[in-house]
Amino acid sequence: MSKEFSVVGPKVYATIRTGIPVLGDLKITETLVVTWIVMLIITGLCIFLTRDLKMENISKRQAFAEMLVEMGNNFVRNNTGSTKFDKLIPFVSALFVTSVVSNLISLTGLRSPTADLSTEAAWALVVFTMITATKIKTNGFGGYLKGFTTPIAVMTPFNILSELATPVSMACRHFGNILSGVVIDGLIYWALGLASAALLGLIPGAVGDFLSKIPILGVGLPAITGVYFDWFSGCMQAFIFCMLTVMYIANAAEEG
Amino acid sequence: MGIKALLAVTAENQALVTVNFWTLILQICNLFIQVFLIKKFLFKPINNILEKRQNLADKAIKEAREAKEEADSLKDQYESSLTKAHSEAAQIVSDAQKEAQTKADALVQDAQKEAADIKARAAADIEQEKKKAINEAKDEIGGLAMDIAGKVVEKEINENDHKKLIEDFISKVGA
Amino acid sequence: MGDFQVLAKGIALAGCGIGAGCALIAGIGPGIGEGTAVSKALEAIGRQPECKSDVTSTMLLGCAVAETTGIYGFVTGLLLIFVAPGMFMNYLN
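Residue numbers (my numbering), protein chains in the order written: chain A, 72 to 327; chain B, 41 to 215; chain C, 202 to 294.
Misleading hints may appear alongside valid ones.
[To be verified] In silico BS3-like cross-links for lysine-lysine, where the CA-CA straight-line distance does not exceed 30 Å:
#: 1; chain 1: B; residue 1: 102; chain 2: A; residue 2: 125
#: 2; chain 1: B; residue 1: 159; chain 2: B; residue 2: 171
#: 3; chain 1: B; residue 1: 99; chain 2: A; residue 2: 155
If you're looking for bench data, these hints aren't it; they were derived computationally from the structure.
All values derive from a computational prediction rather than experimental measurement.
Could you build all of it, start to finish, from the sequences and the hints given here?
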């Protein structure tokens, strides 16, 4: 256990030299690897849940899968108040489930992909593109540009700023919450490691040296803080991200 | 320029807060792949089965409604035929009653007429018999009177007394 | 390493530390805001106990959104503590 505490970014496992000057090298980071694991888990779960579907006498597994689909449908339909955004349902569901599983995978000791700003930035960029596309589709390109000058032309820079603030705030909100969980978990493990090293270091001889390397106090207590920082925060942020996505897109589809 | 120049295995850490362009691009791709996978493996089969079940339920409801309509129409039919039968029965009964009444009336009338006839005939008979009897009685009385007169005559009676006596007698008897 | 370099590093580190401390003042806002939200939610629950679940979920959502500014402050603080000093050190070397 190191005496100094530091929080570091995700590990870079490999670097592929692309030779593109500005964009830099393609780095295979922990974020990407864990994202692939998350995707495998979700897809495996989907395949498992939808195995041998029946019309009648359904199994608990099928009932659960149907409940998930109904929940996704209801989430989008209730928050938009209509069924014209049904095309969004798979996207929002995928976003939600990826976010939740990514947030909760930190419980297994892996690093959450959502503790890397790139992930949230990617999601927010997609959402921002969808919002803008919906706005242009609703009002036309001229109407979209005109929307920036409301209520008066002087407000244009502020409108542009607030428009750009949407994806930034979405990404930073999610990232900050997850990162705070990572940092606080790290701090707690570090402090408990120090405490157990100090405690077990009191035992003289080689036994004490050996035992003091095991952070024995790290068992149990982090689980309690984990309830808030991993479970609550993780699920809540995923929910809020999806909620805001749906709301922004529903708002963008309104004329005006 | 081997594979080593292209690919380097590293053990460094990325900065804590940074946006890596390639990670961003790959994460966007990952998100869309995830959307596709979740659509294909969760939404498609489940929506399929839900739709099928919906159709099944719709069909069952439709069938039930049709069966109910059929039953209703049958019921109406039965009810109307029952009402018809009732009215027919009532008609028959009333017809029979009327007929019976007519017949009874006719019978009574006939009987009354007959009785009246019989009575009239009987009265006529009686009258006739009475006349006959009176006549017979008159004849007999006449004969008797003759006999008596013969006997009286035998006892010397004048013709005047004789005649007067007979007439007197007859008139008395005829009265 | 010259004296000026040491001095410059010291100033940079001090700036980072002070900045991080200032950034965490941002925690006050969400604290007050969430406190208000929760107190209002409690009032609402007291008035209409049958709406407890609705009020609670909406309140949690609102709190999580209100917490955003605090989280921005936190992220800024983290940047100043863990990222910025490294950048300055690299620059000053």
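Check your understanding: Under the criterion that the straight-line Cα-Cα distance not exceed 30 Å, is the pair residue 102 of chain B, residue 125 of chain A satisfied?
Key -> holds, 22 Å
Review point. Do the alpha carbons of residue 99 of chain B and residue 155 of chain A lie within 30 Å of each other, as the hint requires?
Key: Holds: residue 99 of chain B and residue 155 of chain A sit about 27 Å apart, inside 30 Å.
**Study point:** Agreement of residue 159 of chain B and residue 171 of chain B with the hint, judged by alpha carbon distance not exceeding 30 Å
**Key:** holds, 18 Å
The structure shown violates none of the earlier numbered hints.
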